[in-house]
Amino acid sequence: MLKRFLFPALLLSILSCSCKKLFSYNANEIQIEEKDRSQNTKNIERLQSKAQDDSFRFIVISDTQRFYEEMDDFIEKVKGYPDISFLVLNGDMTDFGLRSEYQWMSDRLQKLAFPFFVVIGNHDMLGNGRELYNQMFGPENFSFNFSGYKFIILNSNSKEVGYNGTLPDTTWLLKELSVTPTQQKIFVLGHLAPFSGDFDRALEQPYVRILANNGNVIYSVHGHEGISYLGQPYGPPVNYLVVNSIKEKSFVLISVDSDDITAEEIFF
Amino acid sequence: MSALVISFFLLVKTETLSAQKKNSNQFLPHHVKVQYAGGTGFISIGFGYSNKNQKLEADLFYGYLPKSIGGVRIHSISTKFIWLPINAMRIKKYILEPLMTGLVVNYSFGKQYFSFDPPNYPYRYYSFPTAIHSALFFGSRAGVNLPTNSFVRRLSLYYEIVSFDREIISLLSNQKSLHLPDIVTLSLGVKISIE
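Line by line, the protein sequences give chains F and E.
For the first sequence, this note's numbering begins at 1 and goes up steadily by one.
For the second sequence, this note's numbering begins at 1 and goes up steadily by one.
Hints were generated in silico from the structure; no laboratory data involved.
A couple of the hints might just be wrong.
Unchecked claim - If we take Cβ atoms under 8 Å as the criterion, some of the chain E residues that face chain F in the derived model are:
| no. | residue |
| --- | --- |
| 1 | PHE109 |
| 2 | LYS111 |
| 3 | HIS133 |
| 4 | LEU186 |
C-beta atoms are modelled at their ideal positions from N, C-alpha and C, and glycine is treated no differently.
Produce the entire structure from the sequences given, and follow the hints as far as they go.
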């Protein structure tokens, strides 16, 4: 009799040990471990403890969605890159906005030797994704300073809220820019570019004017389009950079050397 | 969601007809189940029907996930279709059903989820519904028959190894980076046969 029960009992015990997560109650559940909470906030602290020079390099990747193999290859590739100050994942970290996907990508980012920041993308807002992002990374709009530069990160996924005028939050952006000391150069990062088809048309010109009129914004960095682009579609002084999906096995390395800034797409 | 319920009743209709001979009330379920985890809720309660030779089962569950456990409160309904390809074995007073496998389709209630027409987006912009998740599973069941004069005919315990559709899809396109332990979870349950 014991033998007949042995097979399921054995199977049960093997699987209960080998499941990464033993029980799942609903595909839309959002329980998060303490170590995975407020990661952007924690990484700002990590970054502030680093030595700050007037020359530094950082990496921008985007649209990692369901491309775990490409992400693993990327992580392997940047291991050989010295002196990277931090990385920004410019939105669409997940494909379905699910807890499991947030976890899988977050586990990979945590392998990096340097701080990282995650921008919220439209896919990341699906289902309970927005709540997951807020709990795992922190506020959707935030900023940090590094080596005399300011980095402003914002949720620009207008279409997810039905173009109701709240995304991107231009009031918050204006306030954030107004508290930035003059002379401090600024990078703004958001998943959707103002020229994207999914950006709020009523906010395109206000966004562009806010950046241009400020005078200190040098780069507006985006993803979403599945292409690489660098130009000044609205004229100087703001450079608009679109970072390709990790699917295409490329990332952008931004090197700052005093006031000289170069953005280079690197394939792996 | 209504399609989920309709498909459940369409499927069980033929089964209930075959059971009609011995059961005067054709709508009386053949069994009731209480399940822990497995994508149908923290706790889910269901009823269902099995076919004449006990090889197929169809169940309808209501599941609840409290916020304190799931991070968000979720009410959901699920239909479960089970196939038992191997004959049940009798070992003394126990009945072992060594393999059961099948499909669960879960619908979560909530305004943040959509079925096929996401708000603010053209139909099928996102090619998957966030309200509906399906899962494949396999497991086993062991039970004991109760005296013939009792209302409950048999009590069984079961476990299932469950994997959700979007996680299976993710694994299939990332076989070097994701592995089976990443996408499987466990469920436990009780089946109360009352037929």
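Structure-based check of all given hints:
1. Interface restraint check: PHE109 (chain E) against chain F, minimum CB-CB distance 10 Å, threshold 8 Å, status violated.
2. The restraint placing LYS111 (chain E) at the interface with chain F is violated, with a minimum CB-CB distance near 11 Å, outside the 8 Å limit.
3. Hint on HIS133 (chain E) holds. Least Cβ distance to chain F is approximately 4 Å, under the 8 Å limit.
4. Because the beta carbon of LEU186 (chain E) sits about 6 Å from the nearest beta carbon in chain F, less than 8 Å, this interface hint is met.
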